[in-house]
Amino acid sequence: MIGKQAHEIIGKDDFFLFPAEDARNIREFETALLTHGQTQTIVETLPIAGKLRHLSTMKIAVRNADGEIIGLAGISRDISDLANAEIALLKSAAEERARRAEIATMMEAIPAAVCIAHDPLCRKMTGNRAVHDLLQVPRGKNMSKSAPDGEKPVNFDVYTCGRKLGPEELPVQQAAASGKAVRDVELELRFDDGSERTIFGSALPLFDEKHAPRGAVGAFLDVSEYKRLQRKLKFANSAKDNFLATLGHELRNPLGVLSNCLHTEISTSAAEKKPLYPKTQMMQRQVQHLKRMIDDLLDVSRIARGKLLLRQKYIDLTDVVSVAVETSRPHIENSKHEWIQKIEPLPIIVNGDSDRLVQLFSNLLINAAKFTPAEGRIYLTVGQNGSEAVVSIRDSGIGIPEDMKELIFTAYTQLDNSESKQLGGLGLGLSLVKHIVELHAGTVEVHSEGIGTGAEFVVRLPLVKVDNRNPLAG
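Add 42 to a position in the sequence shown, counting from 1, and you land on the number used in the working numbering.
Any given hint might turn out to be false.
Said to hold, decoys possible - In silico EDC-like links for lysine to aspartate or glutamate, alpha-carbon gap of 16 Å or less:
1. K222 - D191
2. K166 - D191
3. K507 - D397
4. K349 - D361
5. K476 - E498
6. K166 - E210
7. K206 - D234
8. K194 - D161
9. K93 - D123
10. K447 - E417
11. K476 - D395
12. K333 - E292
13. K355 - E314
14. K101 - D123
15. K222 - E210
16. K447 - E375
17. K93 - D64
18. K316 - D337
19. K412 - D445
20. K412 - E380
21. K206 - D175
22. K355 - E292
23. K194 - E210
24. K269 - D234
25. K166 - E137
26. K447 - E498
27. K269 - E238
28. K101 - D120
I should point out that these hints are in silico values taken from the structure, not numbers from a laboratory.
Please build the complete structure, drawing on both the sequences and the hints.
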């Protein structure tokens, strides 16, 4: 045990075998035993052969024929493995208690309602404070709808899409019974006091050592306030769309009168071969601008109500882009922009609505002219790539920040900088572009290195396979 030969230890005392402090303790114990003579068993931890060893030692007084104590005998058993196992067990038990305390604290701290079913039939279910508060079930009470009569809560029922659910249809019960996760379910709780709550969450199964379902855990959030705000926002958004639609229609009437008057004035001047007054030209530009904004408002309203319809047929996209360029040319020339274009000479056939596609490309070209400082550059390329028609409109304008590249396609969104705000507008053009592209089963993407670096919009539309002898047939 101690790693020495017999001749090395016979005749030696404890101070030879052990450190002084340990030997002194042994000597005191043995001296007391020699005095009272009672057999004793002790557990010692001693450094032996360079290791701490745990010993169970029984020490017995040795007596002569007259019963006098003449010495003692010690029998030691090495119980290091057992002692270490007990120490590890105690440590493990302490760690387990700490983990349980941490989980219990975490359960109480989590704002979500968490419940645990302790058997596959979910007859017993416990949970944190949040779930008891949500279900209005007192702490310590069984909250399972699958509990035996007399234990199950009766103060609420669970519905989905207006249908009352049985206990076996509830997410935790389904997960416990099937061993499969039930995720992202929305349920309505209806209480006997008339109140209602909407919850959203998931349930995951628990398994035993044989991987058989032994219960389940469910976690749910009370989304009642979110649903209320969602309904309120939806109502407000619908009211906004209706208002804008009404506003657009109401503005068209006086604008039509102004437009007719201007048309008469312009026609008269042309017939009499008189030049237009500068004020008349200015009014003509502003009326056209107003008409374009009102048309955008009405189109956004149609999109919101799903009433923006297409009149599609096979068309040559190069013709559409040419019309859009002519529509946008005054905006480009007024700012003295350099115009660079590259259009493939071959027909590029797509199935589309000519008017809407002209509107799409006009919006992009006018935006490029509008958001590019005077004497800038605008590049237009039209071509094909595989099964797609590709139109790119690039400018040397004010650019787009990275965090705005997705948002700019949202209605009423404008860049948050002083330069773009000075240019005005309703922030509807790119929203219409995106919707028109998607109605044509295409895509639109934007590229920009940031403020002051210009921007590029790339539109892709599916090509149509047609008879080369009659490309526009059909």
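Inset, instruction - Mind listing which of the numbered hints don't hold for this structure, in increasing order? - result: 1, 3, 4, 10, 13, 14, 16, 18, 19, 21, 22, 24 and 25
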